[in-house]
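Q: Sequence lines, in order, name chains A and B. When we follow the working numbering, the leftmost residue of the first sequence carries the number 241, and every step to the right adds one. When we follow the working numbering, the leftmost residue of the second sequence carries the number 35, and every step to the right adds one.
It should be emphasised that the hints constitute simulated quantities derived from the structure, not laboratory data. The structure presented is a predicted model; accordingly, all values stated were derived computationally and were not measured. Idealized CB from N, CA, C, for every residue including glycine. Misleading hints may appear alongside valid ones.
Each pair of labels, with its calculated beta carbon distance range [to be verified]:
no.	chain 1	residue 1	chain 2	residue 2	range
1	A	Lys381	B	Gly476	41 to 51 Å
2	A	Lys381	B	Val187	32 to 42 Å
3	B	Ala457	A	Asp534	53 to 63 Å
4	B	Gln283	A	Glu456	28 to 38 Å
5	A	Glu456	B	Glu360	28 to 38 Å
6	A	Glu456	B	Ser418	48 to 58 Å
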Amino acid sequence: MAGKGLKSLNEAMKALSIASQPCRALPMRQSSILSSRRSMASVATPPAAANITRSVSEPWQPSMSTNTTANLDNIASAAKVLTQGSVTNVPVTVYSFPELEPRSLESYSARHLHLPLRRDILHLAVIYEGDSTRRGLASTKTRYEVHGSHKKMSPQKGTGRARRGTRQSPLMRGGGKTFGPKPRDFSTKLNKKVYDLAWRTALSYRYKRGELIVTEDGLDLPLPNDFLWLAGGGKLSRELEDGYVRKWVHEFMTNLNWGKEAGRTTFITGDKRPNLFTGFELAGAEGRALELWDVDVKDLLETGRIVIERSALKEMIKDHQSDLVTRVAVQGLRQKGPKLAEVLVKAPRY
Amino acid sequence: MRRIPRIPSTASALCSASTPVATTSAAPLRTLRAAADSSSTTCQSCNFSTQISATRNRVWQNTLHTQRRCASTATETTPEATEAAAAAEVATELTGTLEQQRKSKRAGIFEVQRENTLVLPAEPRWAPNAEKIQDPNYEPATSGAGLQEIGGVSNWWNNPEHFKDGGKQFEYQGYASPVKVTDPRLLKVILRRALVEGLALKKFGANPKNPADIASVIGNGNHWDRTVSVEMCRGENGELSLKKDSDLQKVWILMRNAAEKASTTREWQEQVRRLYELKQQEKADQLVAEGKKLGYRLDDDDGSRIRLNVGRALELRKTWNNDWKEATIRDPVVKFYAAKRIQKMAGHILSDGKLTSIQTVANFMNALVTPPKPKKLAEQIEQSSILPELPNVKVYPRRVTPVDKEKMVGRWKVIQKELEKRALPVLGTGNVGKYTELKWLGSKQ
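This is chain A alone, in the form it adopts within the complex (with noise of 0.2 Å):
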């Protein structure tokens, strides 16, 4: 009985030895065409102290987080491997606005449109953002400020009550607060880095659903000229003319497949256009248009999709790059970030 309890427990250990194992990948996330993400060749390399120390907000890049070109090597040959072909830059379909012709195309640096998702860096810029737009303007008054006289309510003894002092006394109705709200300023701090990177982090989640259109110069709702000539001439009362506006961009928004149905769009120009603006003052359920300053994180994050003038885009992004160019330069040069806007096709004149 021994020998053979002995002999199953031989086999038993046999069996976990990981010589007897049988041969079996590692269960392995396929391999993204996104090169964004990380890979595991850059894991599997010998940990450079540069990586390791690595600033959150500078951007992860897989051809040059080390510094050795060994390494460097090392990291491009696997990474073309498992992703294709790593993504230095992406292209930007400028469209024509409304017909959305395909005008001309343009480069932006990965590490402007392709950065991947991180959103704990987007949770810290909208709740920085949120924080900055509180008011504070809650107010109450303590006893010192509570107008009124200062006379003794009632005689310190013999009413057979409490005893009462001013009228201004917390403990009476009508008096002072204790430790009430004063207004106060309740923004919180972020490395403007770490929020420049949210803000880019932002842009490059939405280019890669396919969220982010950008048009031409000059985005403007095409109101029909027939309607515009009437509310020129002053023959249109407001409520016919708002009316006509609502339904206008009710039924634009529909065709475009934009509208509230398709969870509203976000329209981005650099100054105010008047048709657009008022349109969807009027429309709201179907969007919202924003002039460039009034643009934050948590607008970039909100309603189905980005419409963006080229131009907007460009200094949208020129405005939010301080993780990637500095003033201080070494010899003589100074790092002034990637590229901005190649043109890779001029839009045809005819």
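Mind docking chain B on chain A? Use the hints.
A: Frame of chain A; chain B shown alone:
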């Protein structure tokens, strides 16, 4: 980021044009109408001031040419004068060269006065004042009871009769084909053609000097055979390319000719239409005859619609082998032109994010063929066709309520009738609150 306070004031909108802020390179392309009006501009042709009245506070950008007459003076123009002016314009149009016509079109000379398509409510009519009525039998009413209520104009535009064009002004005409092709057999042919043309356009460009954008016109007829049958292979680094470089030029010339033909046909059609509108039958007939000699047709829509059916597509598929399917496409310019052609021919708009992820011909095909992700779980289950086939499984798009269950066994109508007979609420509890007993029992429900 937004700053406090962020109250958009109309005043700032109005003065932005006069004192341009222009902090961005996306500077205002057009001046605001209101700002222009603040200096009380006067219409050049009719000497009518276009200043907006003070009662209106909406601001619209009017893109109409200044030479066009204002709405206020529209009734004053006589139809004869308009017709004569239009006829004169047509005369100049017919004599001038194409280039001159294009220039003058841009300058807005051909804008003809036309009837407004919007129907406005009639001016209100006021009853005479009771004191002024001479009739001795007239008795002024003391209450408004029994008067017919007509209502305001809030629903005015919901009535289709108020649009003379039958709602045409709400139609959207995009660049993409209005009909979205979903048949994989057609899509395969369209993709092959788009890729061949994409390679040709990459090499020779879309010819920006030419008035016709050659990447935007679909040529039909034998264009399909001639583009699709071009041999494709895996070139350098496995990248998609044509076997013969000379084919690129052939394809490009084919496209250019189609675009030029479409452009001239369109202009000819417009001229004929204008002449018919002006009832100049003889001139129109003459122009039609001239055009027919050159091969133009009035019903020609080669530039905007594909003529391809499944039978033809299957025939065309025999002309190529499968070498091209394994080739990679990494050039963004080729992808851009191919996507543009696909948008025109098949109605699919491929986003940049998708184009970035497309690396091979097979990826491209998948992107076109794959249906959009279902929005609801029920739709997804229905499409998967595993669960609905099981005899003991039922899939509902929403929660099955007690009412639904009664309806399934056909009891609901009876219950409804009985409840109504007893004057009890059919759905919900009506005015009856919760059971008081629950409170006695100390329930927190």
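Q: Please check whether A/Glu456 and B/Glu360 have a Cβ separation lying inside 28 to 38 Å.
A: About 37 Å separates the Cβ atoms of A/Glu456 and B/Glu360, which means 28 to 38 Å holds.
Q: Could you say whether the range 32 to 42 Å given as a hint is met by the Cβ separation of A/Lys381 and B/Val187?
A: For A/Lys381 and B/Val187 the Cβ distance comes to about 51 Å; the hint is violated.
Q: With respect to the beta-carbon atoms only, verify the hint that B/Gln283 and A/Glu456 lie 28 to 38 Å apart.
A: 30 Å, holds
Q: Against the range 53 to 63 Å, how does the distance between the Cβ atoms of B/Ala457 and A/Asp534 compare: consistent or not?
A: 56 Å, holds
Q: So the hint says 48 to 58 Å: do the beta-carbon atoms of A/Glu456 and B/Ser418 match that?
A: 42 Å, violated
Q: Cβ-Cβ distance between A/Lys381 and B/Gly476: within 41 to 51 Å?
A: Taking Cβ atoms as reference, A/Lys381 and B/Gly476 lie about 43 Å apart, which means the hint holds.
The structure is inconsistent with the numbered hints 2 and 6, although it conforms to all the rest.
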